[in-house]
Amino acid sequence: MRDRPVLTASQINDELLWPVFELRRRHVLAFLPPFILVMAGAVAVTILIWQGLWVTGLNRPAFWGFFIVNFVFWIGVSHAGTMISSILRLTQAEWKRPITRAAEVMTVFALVTSLIHPVIHAGRPWRIVYWLLPYDFTRGVWPDVRSPLVWDPVAITTYLTGSILFVFTALIPDFAIIRDQSTGMRRTIYGALAMGWRGTPRQWQLQGIFGILMSALILPVFVSVHSIVSWDFAASVVPAWHVTVYAPYFVIGAVHSGVSMVLTLMAFMRWIFKLENFIWEDHFDAVGRLLIFIATAWLFFFFLDFAFSFYTREEQEIAVMERRLLEWPFNAITIIMVMTSYVIPIPLWLNRKVRRNIALMFWTSILVNIGMWLERFFLIIPAIERKQELTFLWANYVPSLTESVIVLASFGMVAMLLIIFAKLVPLVPAWEQKEGQVFRSEVQIGEVTVPAIVRESEEPRAW
Amino acid sequence: MANQSVLGLYENADSAAEGARNLREVGFTSDDYEVMTGNPYPEGAFGEHVKKNKLFRFSLFGAFIGFITAFLFVFATQTAFPLVTGGKPILAIPASMIIMYEFTLLVAMIFTVIGVIFESRLPRPGGAGPLYDARITLGYIGLLVTVDESRIGNAQQALQSGGAEEVINEPA
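Those sequence lines, one after another, are chains S and B.
Each residue of the first sequence is one higher than the last, beginning at 1 in the numbering used here.
Each residue of the second sequence is one higher than the last, beginning at 1 in the numbering used here.
Only chain B is shown next, with the shape it has when bound in the complex (with noise of 0.2 Å):
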């Protein structure tokens, strides 16, 4: 059976979190539910429960990968660009340790921005969605819940019993 969607819409918090609790009490789980709001309220407000990102590794990586590359840049233009300056070796590694300060560090950030857009899930293709409302932003809280079409009713109903403001189904 295809899945559904229903979009109940609060005025604050605490009704909010009501409607989530009725959502849990009839059957549905913290999967079922989105919940979306216009700035952040502590982990669990709403009893959701937010998987495990990945952010560190992008970081850790970008890192490993900015040194990697500044290493095989400086010690190319300096084999490519010989000129022997005061004596000193051609391979000058405190010369070169600042150039690959900075690349690890650059790549290191190029990857946490990489990795919270890809994490976050974004860019997401056709904007917010059709059931997300542009209210959210002005302090609204929304339940999103996603099943399958038989227990539409019951989300509803749900939604609606907490004290939602508006309960917005899927356009067809």
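So here's chain S without its partners, still in its complex pose (with noise of 0.2 Å):
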């Protein structure tokens, strides 16, 4: 374990609110590429909505294309930031602090962005307003409330607005930082986010509570909406969809990707911001030997999948499997898949060497997450495209060129979002960093002195 930096606070609130206050070219730097990105799914989008659904790959009997898988990808990858954070809070885990902040505000963004693309997938976004609306019987229209498609949006936004409220809460003692460091229009600003935070005792106490009880209280919804995610599938009629395993399936492939995000945002947000003295090689290497385990789970899961399709002999069920491993392209997607998810990063990862090179991580952790995506096109579109009697139509899904554009638009939204919030706020609490100083200590074990955490016990509780 690499011998933990001394900081001041004040060195603290220095290096990591330089982005707040000043704009260093880097950051621009960073922030032009995602913004190009995202002006060109904007163009794309509108595209979409002046010409219509034509302008996409969609065809009968294959109405789910990329705008469902990329859906599902970025609530899948949404998922493992607060998963990690509320993990890390619940065990007290000392390397959380420089995590668990960027972690959670990647979920709420993946999360945004997952949600724009049913609204977009619809075609027409406006017509939206009269699902939302009470219906009226006598237009003839018939909604089935106990639908499962009803059950995405209840746990979609749950989960929206917790992770919400759980950023905003524990942003409160470093909007008073940038509150006490600022003058002007922005003391104002941050005065009132702040709402008068003075760092008193039962303030703290109450910040210490906050995150372990609202870890524990959204926890369970993490779990419930990848599910919920798994059953808009698992719940329709289609072949290879209804699967018993698809639930958890689903949330270690989340996980998966998820994970695999915040090692990619770990790097980035290390390079772009400067935080070596507080993103380590540590912290790479802990979350390195957290997905082997993950990555094999889903592994599992993944032959789980086939066994229980073959298991039943139904021939439909076999013809998915059969069309995924064996008729092009769906094949080469397997094999790029199995690859890229586990084939090639697991045995670099069982290198303690590879697991504390930061390049090497971020490249294998950007490996998982085309596996990942690949994984969702792989579970949804041959499925989709069945072959099967009273089908009158086959047509096979391509996807055009405004469908990728919007796609590649999502990953840029993501990192444009996460770079204009680290212009408002510090990616690592200055304040857990503090705290963490206040209980640094070191223990003479022989001849050798090591760092080590001092931890309360039970009674008294820190605050």
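Please keep in mind that the hints were generated in silico from the structure rather than gathered at the bench.
Some clues are possibly wrong.
Stated by the list, open to error - Stretches of chain B that chain S covers, calculated by requiring three or more beta carbons in the stretch to come under 8 Å of a beta carbon on chain S:
| hint | segment |
| --- | --- |
| 1 | 74-81 |
| 2 | 94-108 |
| 3 | 152-164 |
Unchecked claim - Label pairs and their computed distance ranges (CB to CB):
| hint | chain 1 | residue 1 | chain 2 | residue 2 | range |
| --- | --- | --- | --- | --- | --- |
| 4 | S | Glu276 | B | Pro125 | 54 to 62 Å |
| 5 | B | Ala80 | S | Ile36 | 45 to 53 Å |
| 6 | S | Val129 | B | Phe75 | 18 to 26 Å |
| 7 | B | Pro94 | S | Ile49 | 35 to 43 Å |
| 8 | B | Val84 | S | Leu149 | 16 to 24 Å |
| 9 | B | Pro94 | S | Arg60 | 28 to 36 Å |
| 10 | S | Ala216 | B | Phe75 | 27 to 35 Å |
| 11 | B | Phe64 | S | Thr244 | 32 to 40 Å |
| 12 | B | Glu149 | S | Trp271 | 24 to 32 Å |
| 13 | B | Ala76 | S | Ile49 | 42 to 50 Å |
| 14 | S | Thr91 | B | Phe118 | 23 to 31 Å |
Heads up, the beta-carbon is just placed ideally off N, CA and C, and yes, glycines get one too.
Put the complex together from the two separate chains, hints included.
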């Protein structure tokens, strides 16, 4: 374990808050590529709304294409953010300090991005208003309020609201730091956001309890949301979608892609915002070890999905599996998916030197997310392009350029929102870093001095 | 006699603890002073006593309200749109349970945040207050003593003798 750098409160403020007070070249350079992607996406969405859904590759029977694949992918990514933060808070893991906020914020932005997709997918987004308002039976519309599609917005809204509240409440002490270090309009705005925070023992005690209590409340929501997204598929009659393991398979896939995205984000933050004193090789090592377990669990469910389908010996189930494994281009997608999600990264991560190499961890985490995006494509498209009796048109789904641009823009959108957020508040919680310095200690064992963390017993409790 | 406040600013935790000890030695109780810090310290580090909070009640109450709201919501919508699908009952419990589960947790989370803000005595009208010092978020520790005018001199002296870098009186 690397020695913790000894930093004063003032140094922590300076190193974490510079993006809020200064605009450096690296910040602008990091902002431009995602901004260009988002602009390209905005043009593509305008064309889609102007021209209609024919500009996409959607056709009978495949009416769920790139938008739904990308929707499921971003919901998945959003999951691990709050999950990793909640688990680290509940277990009071010391290495949580630089990761929690960025992971929680990634959850919020990934959720916002994912929510855009069903709206675009509707083709004429303004018509969603009819879906939200009470229906009139005299118009001959009979909505099924027990549909799984009703569960989805309820679960996602719950998760999004909870994640925003989680981020906001933990931000109050940092709003107070910015308020105290600024003048003029900035001071007024951050003063209003800090709500008069003074850092009294009672306020710190409640912050501590809040982190743990909210983690305990949001973890069940995390599990439920991706289970419900899987039930969107599993509650339908499409072959290969109603496998019993779909919910845990989706959840573990979400965790795999999300934790990898946290890794990508950690490297990105360290490079762009010069966070070498806060995000160390030890953090990459720890997340890497966690990912070995997650990826292996994901692989188990991947095989289980096949096993359950083959065990039924139903012709249509087997037809979908055959399509996934043997027919072009799905066979290539399956190979690339398994290679990038497991076969390439895992042997690398088993090596400690690789886990502590930030550039390698960055690129392998991107590989995993390429694989996990393809996994969503692999799960959705071959099944919905079903070739079975009474399907009068068997068109293959070929994604259009418009759809592809919108998918790329979604990545740009998450990156752009994160960079804008980092301009407004520190991505690493300054108050948690200062707390870490208070509890920092060293222990003499024999002839060596090792860094240690002092932890309080239950009584008296930390504030 | 009207109450008055005085703030002692300390550069580190040891001198702040010394200042707090001095205050108690000259007869002030832990209710007479308030500690202000830029980061959490272990409970009781400055001899302060933190009153018990009722945050858990907010979460529980929120969960209850959420469950009841969801129950009424699914009951109302399912009876308002009585569409029979696949011969299944109009009031379907499995489909409703998911909505009730999410609502229960949603309102519990909202009430938890309301609870944290309320129990933290926020928002404070007028911001952090006239005797709050911006140096607190730079690592300084503030001891804010609020007592009646006759004892303010004693408080100043106790804070000073503890090694306060600065003692600031409430503006008139």
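Each hint tested on the structure:
1. 74-81: Check passed, 5 qualifying residues.
2. 94-108: holds (count 10)
3. 152-164: The restraint on the segment 152-164 of chain B is violated, since only 0 of its residues have a Cβ under 8 Å from chain S and three are required.
4. S:Glu276 / B:Pro125: 54 to 62 Å: 42 Å, violated
5. B:Ala80 / S:Ile36: 45 to 53 Å: 48 Å, holds
6. S:Val129 / B:Phe75: 18 to 26 Å: 25 Å, holds
7. B:Pro94 / S:Ile49: 35 to 43 Å: 37 Å, holds
8. B:Val84 / S:Leu149: 16 to 24 Å: 18 Å, holds
9. B:Pro94 / S:Arg60: 28 to 36 Å: 31 Å, holds
10. S:Ala216 / B:Phe75: 27 to 35 Å: Roughly 29 Å apart at Cβ, these two residues keep to the hinted range, so it holds.
11. B:Phe64 / S:Thr244: 32 to 40 Å: 33 Å, holds
12. B:Glu149 / S:Trp271: 24 to 32 Å: With a Cβ separation near 57 Å, Glu149 of chain B and Trp271 of chain S fall outside 24 to 32 Å, so the hint is violated.
13. B:Ala76 / S:Ile49: 42 to 50 Å: The hint (42 to 50 Å, Cβ to Cβ) is violated, given that Ala76 of chain B and Ile49 of chain S are roughly 34 Å apart.
14. S:Thr91 / B:Phe118: 23 to 31 Å: Holds - the Cβ-Cβ distance for Thr91 of chain S and Phe118 of chain B, about 28 Å, lies within 23 to 31 Å.
Violation of the numbered hints given earlier is confined to hints 3, 4, 12 and 13; the remaining hints are satisfied by the structure.
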